[in-house]
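In order, the protein sequences belong to chains A and B. Residue numbers for the first sequence follow our numbering, so the first one is 1 and each next one is one higher. Residue numbers for the second sequence follow our numbering, so the first one is 1 and each next one is one higher.
It cannot be assumed that every hint is accurate.
Intra- or inter-copy, both count: the list cannot distinguish identical chains.
Stated by the list, open to error - The calculated PhoX-like cross-link candidates involving lysine-lysine, where the alpha carbons are at most 25 angstroms apart (straight line), are:
| # | residue 1 | residue 2 |
| --- | --- | --- |
| 1 | K171 | K11 |
| 2 | K128 | K171 |
| 3 | K128 | K32 |
| 4 | K208 | K16 |
| 5 | K56 | K82 |
| 6 | K27 | K128 |
No lab work stands behind these hints: they were computed from the structure. As the structure is a prediction and not an experimental result, all values here were calculated from the model.
There are 2 protein chains.
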Amino acid sequence: MLNFNYDIPTKVFFGKGQISVLAEQIKHYGSKVLLVYGGGSIKKYGIYDIVTSILKENNIPYWELGGVDSNPRITSVRAGIKICRENSIDFILPVGGGSAIDCAKAIAIGFYSDSDPWYLITKQAESKNALPIGTVLTLAATGSEMNMNAVISNLDTIQKFVVFHPLIKPKFSILDPTYTFTVPAYHTAAGVADIMSHTLECYFGHVKDAYLVDKIAEAILLTCIKYGPVVVSEPENYEARANILWASSLALNGLLKYGKETGWCVHPMEHELSAYYDISHGAGLAVLTPNWMNYVLNDHTVDQISQYGINVWGLPAQEDKYSTANQAIALTREFFISIGLPTTLTEMGIPEEKLAVMAKSAVNGGTISSFRPLNAQDVLNIYLNSL
Amino acid sequence: MLNFNYDIPTKVFFGKGQISVLAEQIKHYGSKVLLVYGGGSIKKYGIYDIVTSILKENNIPYWELGGVDSNPRITSVRAGIKICRENSIDFILPVGGGSAIDCAKAIAIGFYSDSDPWYLITKQAESKNALPIGTVLTLAATGSEMNMNAVISNLDTIQKFVVFHPLIKPKFSILDPTYTFTVPAYHTAAGVADIMSHTLECYFGHVKDAYLVDKIAEAILLTCIKYGPVVVSEPENYEARANILWASSLALNGLLKYGKETGWCVHPMEHELSAYYDISHGAGLAVLTPNWMNYVLNDHTVDQISQYGINVWGLPAQEDKYSTANQAIALTREFFISIGLPTTLTEMGIPEEKLAVMAKSAVNGGTISSFRPLNAQDVLNIYLNSL
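Taking the hints into account, I'd like the entire structure generated from these sequences.
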């Protein structure tokens, strides 16, 4: 097991009705709020009204940044920073999924910087301060509600970058499973694929002695497999929504990374797809994941992929590990199909045209992943196999 | 899944050599240190020298409270509070296992109270402040390094009480698996039983829809079963010590309790044993656990106990669930025997004499556990079955 520094300070208020803690929690950290949200679903389903009523009743002044895109853009970040500076805002409250939260995080860290936030993100420039954030989550997917990551897109440069900073970990997050009841089936399924991909990126690696951490990863995968089809077919099933929601936070709050190495690959490959084509991140992951597993299956990786088949998909142990591994990959693909996700880039409207450019950008002149390192040609091959 | 408030703020520095962060971490929180430790093993194995050298090199003045018993006593707590008050100490550093840490926690919260600390503990009196604590752990067992619990014994009243308070969560804990290499086989095994008992207390309950949490509990149990025999037979096996050490923290940092109910029973039953006979807590748990499972097995509990057999012990699913459940209980008992732990109270020198008094005290006039509620007669029956 590799050395690690565990640090997950976000307080989580989980369960039906936990919105009741909102005003009290905000008052611990700030007095003037920027409310950040997306395309309007929180207005349609009443969550906007609940949140703004609480702010008004508690005399907490707030400003709004709505219309944040599902791949949140640097232009929204710049707009948010401007509102915060002009109004001396001292607390940011994203209400929504990972997009609203990631946008809020980039605003929080950009607020104190003299540089343009895109420079800050792409250069991972040092920051010594950030505005505090609290979140009200409405989508189980990115895990942004408990971690230090934010993914921001730039349409001008056709880039999607991840910023990591301990200062942007939310102070608190309110996770009410009933707030995810109205998420449409396709986005629900894409969220499940995102959770599974976060888990698999940590699970498959060259560190093999972090047994406990791997078993926890399997716990999350089993949860996605058990409840993924339920949240898609029975959107108001509390048990299923609750398990998937908690899985989303635990899959990317750090727990699965501690003791392991952190060389991810499917996410960087997918970020190119959604940077160029603005597709759903989770759907892109669902297309790439089985093709990636298939591509990296070799004598070094077959043990782990076949173990995944046995422990996660319940396959019997066989003499021929390749057979088990191939069945596990097939079951992964079939699972994504079963919850309504695409399995080819073509289905998502992505042609071959820019794949070579994207592959180069994904590896940024080097290789990605420690499980089986992938260079630009490898990534291109996986893209082509995914067409 | 029940509503819960997640709050695990302790920073953990895990791995070989992490003691290097000690001085810097202490300086975040205080300037004058009370070093708390037990019977001298940290001196025998060099950890005392390492820690005191770091304190001296960094000009951090420190005072000492050594000789804390393995069931830490209120007398040590009173002595520690006195040293802290007389020397304006502002930080407590337990170095050792759960005993040293629990003693430090009681000192931390007693420091600011006008009441005697035993009153504070038994009345769970309100406290608004506590001295900050950081820990250097040398034993995988209690999970005290990441939680808000402290167990303190009073030899005058023959009582063992648990105090719970969010203010006594350690600010940081240093977990170096090599520091556990010198723990003798019996105490190592007792630690494994303690970890498994913490997990089982959370795992078996009336809340059945916290699937993800149960799967994580199984991950910890599987880790104990895989590595328990290894840490006993190969004390310097880093992989095994690391996995068991991390399991000890995760089993009782709150993760397994969130979404479930918290009605424990084997611990209260065992606390009577170690209050009266000063036995090893983990060994007492190993004796009681299989007898408790056997006693509570009925039509309401058979599903969960047989699932435990299938998921944790790898038993095949059978038509007759009672058969699976009984096999699981037998395997649990055999496991404790295999790592050198006792299976009867008689082996531990505990006669029948005071069992009825202890049973009454364990339930404190009511019942314990929500899995199958136990009254004083039930507890007495379990004690008698354990003789």
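Results of checking the hints against the structure:
1. K171 with K11: Intra 6 angstroms, inter 15 angstroms, cutoff 25 angstroms: intra and inter.
2. K128 with K171: both (17 angstroms within a copy, 21 angstroms between copies)
3. K128 with K32: within (21 angstroms within a copy, 28 angstroms between copies)
4. K208 with K16: between (38 angstroms within a copy, 17 angstroms between copies)
5. K56 with K82: Intra 23 angstroms, inter 49 angstroms, cutoff 25 angstroms: intra-copy only.
6. K27 with K128: Classified as both: same-chain Cα gap 23 angstroms, cross-chain 19 angstroms, threshold 25 angstroms.
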